[in-house]
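Enquirer: Here is how the chains run, residue by residue.
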Amino acid sequence: DVKVTQSSRYLVKRTGEKVFLECVQDMDHENMFWYRQDPGLGLRLIYFSYDVKMKEKGDIPEGYSVSREKKERFSLILESASTNQTSMYLCASSLLSPYYGYTFGSGTRLTVV
Amino acid sequence: QQQVKQSPQSLIVQKGGISIINCAYENTAFDYFPWYQQFPGKGPALLIAIRPDVSEKKEGRFTISFNKSAKQFSLHIMDSQPGDSATYFCAARGGNEKLTFGTGTRLTIIP
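Heads up: the protein sequence lines correspond to chains Z and B, in order. One point on numbering: in this note's numbering, the residue at position 86 of the first sequence is 86, and numbering is uninterrupted. One point on numbering: in this note's numbering, the residue at position 105 of the second sequence is 105, and numbering is uninterrupted.
Do not take every clue at face value.
Here are the simulated EDC-like cross-link-like pairs (lysine to aspartate or glutamate), alpha carbons at most 20 Å apart as the crow flies [what the hints assert, rightly or not]: (1) K3(Z) to E72(Z); (2) K98(B) to E56(Z); (3) K71(B) to D31(B); (4) K71(B) to D53(B); (5) K42(B) to E17(Z); (6) K18(Z) to E79(Z); (7) K57(B) to D38(Z); (8) K5(B) to D38(Z); (9) K98(B) to D59(Z); (10) K98(B) to E30(Z); (11) K98(B) to E72(Z); (12) K53(Z) to E26(B); (13) K71(Z) to E97(B); (14) K98(B) to D28(Z); (15) K71(Z) to E22(Z); (16) K98(B) to E79(Z); (17) K55(Z) to E97(B); (18) K5(B) to D59(Z); (19) K98(B) to E62(Z); (20) K42(B) to D26(Z); (21) K53(Z) to E72(Z); (22) K57(Z) to E97(B); (23) K68(B) to E26(B); (24) K57(B) to D79(B); (25) K42(B) to D51(Z).
Derived Cβ-Cβ restraints for the label pairs, each shown as a range [to be verified]: (26) R73(Z) to P111(B): 39 to 47 Å; (27) R9(Z) to P111(B): 46 to 54 Å; (28) D38(Z) to Q14(B): 23 to 31 Å; (29) L41(Z) to G17(B): 42 to 50 Å; (30) E56(B) to G16(Z): 47 to 55 Å; (31) I77(Z) to G17(B): 44 to 52 Å; (32) M78(B) to R73(Z): 34 to 42 Å; (33) I60(Z) to Q81(B): 29 to 37 Å; (34) K13(Z) to A45(B): 40 to 48 Å; (35) T15(Z) to S65(B): 42 to 50 Å; (36) D79(B) to K18(Z): 46 to 54 Å.
Heads up, incomplete: computed chain B residues facing chain Z, CB under 8 Å, no partners named [unchecked claim]: (37) P34; (38) K42; (39) G43; (40) A45.
If you are wondering where the hints come from, they were derived from the structure by calculation, not from laboratory data. Where is the CB? At the ideal position from N, CA and C, for every residue including glycine.
Model the full structure from these sequences, guided by the hints.
Expert: As structure tokens, this is what we get:
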């Protein structure tokens with residue numbers, strides 16, 4: 001069964017900490033994405049990557065960075081966590097071809113205290 | 001800027017009834033319109049999708065209706081069942097593979 005795996009289901013971090021969220025896919029997908037999900041706001045794109053070492057900003061990149069050193073792994077980094085980054089973070093991947101849906105991971109619920 | 005507007009925010013439907021969720025978009029460059037279903041504690045999963053060259057797509061009890069001139073599309077769930085209770089997201093894809101999502105609809109099917 002194909003999968004997108006997010007390393008942590010729940011995380012609690014302190015304000016100012018550097019936080020790493022890891023995502024691994026086993027489908028050989030070219031595209032990978034990080035979204036955050038907040039009630040009433042839906043899913044908002046933080047960053048995406050269409051190839052190794054390539055990245056593009058999404059709609060809300062401020063306070064975040066990403067790393068993609070291998071095709072299967074896409075990391076989201078919160079440089080200095082703040083309470084307004086408390087959210088559900090979803091990783092997704094897709095093929096580099098039109099009309100192909102995303103496969104999402106189960107999410108990481110991050111709480112910044 | 002909300003490029004995909006979804007309504008209603010929540011919906012309660014009786015078992016066996018028809019659930020209808022609506023979305024509207026502004027960007028005429030969108031070329032792919034998927035719907036995702038999300039159960040609590042899970043990530044969204046692709047449910048059904050449509051391209052703008054067709055007006056309707058049906059898969060089992062799920063149908064997408066697409067109105068290109070009005071820039072609207074909707075999800076219809078026929079014979080709604082308690083197992084359909086979930087959050088549904090519409091989305092639209094631009095030319096760079098990115099999906100823009102609606103704000104979600106929490107659907108509850110009551111006996």
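Enquirer: Quickly compare the C-alpha distance for K98(B) and E62(Z) to 20 Å and report which way the hint goes.
Expert: holds (18 Å)
Enquirer: Quick check: does the Cβ-Cβ distance between R9(Z) and P111(B) fall within 46 to 54 Å?
Expert: violated (31 Å)
Enquirer: Does E26(B) lie within 20 Å of K68(B) when you go C-alpha to C-alpha?
Expert: holds (11 Å)
Enquirer: So if I understand the rule, the pair passes when the alpha-carbon distance is 20 Å or less; does K53(Z) with E72(Z) pass?
Expert: holds (12 Å)
Enquirer: Decide if the proposed pair is consistent with the structure: K55(Z) and E97(B), CA atoms, cutoff 20 Å inclusive.
Expert: holds (13 Å)
Enquirer: Take the C-beta atom of R73(Z) and the C-beta atom of P111(B), compute their distance, and say whether it sits inside 39 to 47 Å.
Expert: holds (45 Å)
Enquirer: Are the Cα atoms of K57(Z) and E97(B) separated by 20 Å or less?
Expert: Given pair K57(Z), E97(B) holds - Cα atoms ~13 Å apart, limit 20 Å.
Enquirer: Report holds or violated for the interface hint on P34(B), using the least CB-CB distance to chain Z and a cut-off of 8 Å.
Expert: holds (5 Å)
Enquirer: Has the hinted range 40 to 48 Å been met by the Cβ atoms of K13(Z) and A45(B)?
Expert: violated (28 Å)
Enquirer: So if I understand the rule, the pair passes when the alpha-carbon distance is 20 Å or less; does K98(B) with E72(Z) pass?
Expert: Roughly 18 Å between the alpha carbons, so the hint for K98(B) and E72(Z) holds.
Enquirer: Going straight from one Cα to the other, do K71(Z) and E22(Z) come out at no more than 20 Å?
Expert: holds (13 Å)
Enquirer: Is the straight-line distance between the alpha-carbon of K5(B) and that of D59(Z) 20 Å or less?
Expert: holds (16 Å)
In the structure shown, a violation is registered for the earlier hints numbered 5, 7, 12, 16, 25, 27, 29 and 34, in ascending order.
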